[in-house]
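Construct the entire structure; sequences and hints are all you get.
If you're matching positions, the sequence shown starts at 47 in the working numbering and goes up one per residue.
Take these hints with a grain of salt, some might be off.
Claimed, not checked - Listed below are the simulated PhoX-like cross-link pairs for lysine-lysine, each with C-alpha atoms no more than 25 Å apart in a straight line:
{"id": "1", "residue 1": "Lys48", "residue 2": "Lys69"}
{"id": "2", "residue 1": "Lys99", "residue 2": "Lys50"}
{"id": "3", "residue 1": "Lys129", "residue 2": "Lys97"}
{"id": "4", "residue 1": "Lys292", "residue 2": "Lys279"}
{"id": "5", "residue 1": "Lys63", "residue 2": "Lys50"}
{"id": "6", "residue 1": "Lys69", "residue 2": "Lys129"}
{"id": "7", "residue 1": "Lys403", "residue 2": "Lys354"}
{"id": "8", "residue 1": "Lys48", "residue 2": "Lys79"}
{"id": "9", "residue 1": "Lys129", "residue 2": "Lys192"}
{"id": "10", "residue 1": "Lys79", "residue 2": "Lys60"}
{"id": "11", "residue 1": "Lys79", "residue 2": "Lys129"}
{"id": "12", "residue 1": "Lys260", "residue 2": "Lys279"}
{"id": "13", "residue 1": "Lys164", "residue 2": "Lys336"}
{"id": "14", "residue 1": "Lys48", "residue 2": "Lys99"}
{"id": "15", "residue 1": "Lys354", "residue 2": "Lys164"}
{"id": "16", "residue 1": "Lys48", "residue 2": "Lys97"}
{"id": "17", "residue 1": "Lys79", "residue 2": "Lys131"}
{"id": "18", "residue 1": "Lys69", "residue 2": "Lys99"}
{"id": "19", "residue 1": "Lys377", "residue 2": "Lys428"}
{"id": "20", "residue 1": "Lys192", "residue 2": "Lys131"}
{"id": "21", "residue 1": "Lys99", "residue 2": "Lys210"}
{"id": "22", "residue 1": "Lys192", "residue 2": "Lys122"}
{"id": "23", "residue 1": "Lys345", "residue 2": "Lys292"}
{"id": "24", "residue 1": "Lys164", "residue 2": "Lys345"}
{"id": "25", "residue 1": "Lys48", "residue 2": "Lys60"}
{"id": "26", "residue 1": "Lys131", "residue 2": "Lys69"}
{"id": "27", "residue 1": "Lys403", "residue 2": "Lys345"}
{"id": "28", "residue 1": "Lys354", "residue 2": "Lys428"}
Claimed, not checked - The following label-pair restraints were derived from C-beta to C-beta distances:
{"id": "29", "residue 1": "Thr400", "residue 2": "Ile232", "range": "48 to 54 Å"}
{"id": "30", "residue 1": "Glu73", "residue 2": "Pro178", "range": "25 to 31 Å"}
{"id": "31", "residue 1": "Val119", "residue 2": "Lys345", "range": "53 to 59 Å"}
{"id": "32", "residue 1": "Lys97", "residue 2": "Ile232", "range": "34 to 40 Å"}
{"id": "33", "residue 1": "Glu285", "residue 2": "Pro370", "range": "45 to 51 Å"}
{"id": "34", "residue 1": "Gln405", "residue 2": "Glu275", "range": "53 to 59 Å"}
{"id": "35", "residue 1": "Arg121", "residue 2": "Asn304", "range": "35 to 41 Å"}
Simulated from the structure, these hints should not be mistaken for laboratory data. We put the CB at the ideal spot given by N, CA and C, even for glycine.
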Amino acid sequence: MKEKIEEIISIFNKREKGWYSLKPKLEQVLGSKTYQELIDEFESGLSSLPKGKWPHYSLVFYLALVILTAEEVDRKEVARYVKEKESYRLMRTGLRIFLSSKSSNFKYEAQLSAGRYKNKYEYVSFFSGFVPDYQFEMTGYLLLLKLIYEVNRSHFWQLLMQDKQNVMFLCLMTGAELSFSYEELIPLLTSNDELKANGTLFYLMSRFSYYVLKYERESTEGNKEILVEEIQKIANIFERLPVERKIFLMVNYMFVENYYPEFFGEELQQTNVELVVYHLELQELNNLYKLVKLHQFIKILECIEVEKLFIKYFLHWLQNDGNPHIWNSVKEEVREIIQLLSLDTRNELLDQITSIKEQLWLSSFDRQVRYGQYLQEEGKAKIIDDIVPFCSTSGS
Numbered sequence: 047m048k049e050k051i052e053e054i055i056s057i058f059n060k061r062e063k064g065w066y067s068l069k070p071k072l073e074q075v076l077g078s079k080t081y082q083e084l085i086d087e088f089e090s091g092l093s094s095l096p097k098g099k100w101p102h103y104s105l106v107f108y109l110a111l112v113i114l115t116a117e118e119v120d121r122k123e124v125a126r127y128v129k130e131k132e133s134y135r136l137m138r139t140g141l142r143i144f145l146s147s148k149s150s151n152f153k154y155e156a157q158l159s160a161g162r163y164k165n166k167y168e169y170v171s172f173f174s175g176f177v178p179d180y181q182f183e184m185t186g187y188l189l190l191l192k193l194i195y196e197v198n199r200s201h202f203w204q205l206l207m208q209d210k211q212n213v214m215f216l217c218l219m220t221g222a223e224l225s226f227s228y229e230e231l232i233p234l235l236t237s238n239d240e241l242k243a244n245g246t247l248f249y250l251m252s253r254f255s256y257y258v259l260k261y262e263r264e265s266t267e268g269n270k271e272i273l274v275e276e277i278q279k280i281a282n283i284f285e286r287l288p289v290e291r292k293i294f295l296m297v298n299y300m301f302v303e304n305y306y307p308e309f310f311g312e313e314l315q316q317t318n319v320e321l322v323v324y325h326l327e328l329q330e331l332n333n334l335y336k337l338v339k340l341h342q343f344i345k346i347l348e349c350i351e352v353e354k355l356f357i358k359y360f361l362h363w364l365q366n367d368g369n370p371h372i373w374n375s376v377k378e379e380v381r382e383i384i385q386l387l388s389l390d391t392r393n394e395l396l397d398q399i400t401s402i403k404e405q406l407w408l409s410s411f412d413r414q415v416r417y418g419q420y421l422q423e424e425g426k427a428k429i430i431d432d433i434v435p436f437c438s439t440s441g442s
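Okay, structure coming up:
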């Protein structure tokens, strides 16, 4: 048995194509047998293997098994058969070690770019566009996790929480691999791992997004009822989350998606504004494309704190960036935001930009001796000239 397992390991290590392409080679090693015969044979051969490697070898065997049976045997049948097997328990131990990266020579390493994103939901949304590539690479392990889900959902979630790299976790949450009940998601929504929490949010909101698009295409009463029912299901889950976690998830979602349930706005209105502002400041507000997302929050909350937050970061952008190309692409959105501001806030903005313009290097001397700087300052002056009429427009 040891020779067979080591040969399978060699096959996996030399894989160049998809996992299913390995099936003929795996059959050559294990033989054309039923899954029951294969499992029983491995179980009887366990005692001949080094005991310290039982979890590792069991994981390798079950990876081969799920590839061999994926297209021919109902997963539920295999789940019923392996439920009480010792090798199945050992495989779970091996998979836990693999997922948690607790072994220096028995783990998977993934290079995710999530660290570049302040808003992890934004990264999850980005990841979802590439999930087929990750699914292709992780097929064997994903099939194994699906088998475990059929056997015991508690074991499945315990293992998935061990995924330190989060690649398999995000594949399952964004790739429609399995159908979870919303109740199962609650512990994950409160996870300290932001990728796990936001990946779970992506799954929770995916049907809502689909039903919104469906209703937009065909505004029937039936489609409206389905959408309303889905919103209520989501609301029931959010009701069971701590307030701080609700706001964290809602703000992240609203900064990325164009549509959100009405109760998101109602929850924000009922929450201490300092908590909302705290989570707004966790966003990438130095980026003007992101800053204009405050539009909906200013409209919903109608409070001076959020208005001042916009002014603070807009002035920071103007002084430290002031890129005319960026400005021209979002100028209309900024105008709409300024028109929502209270008169006092607009006057404050007007005073601030007037003061900034007075300090710009725009003299003929500046043009002659520091032309590059002069051009940058000239661009900022043009932005300020655009803003002044916005501040004068009648508002609330």
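Which numbered hints turn out to be false for this structure?
-> 27
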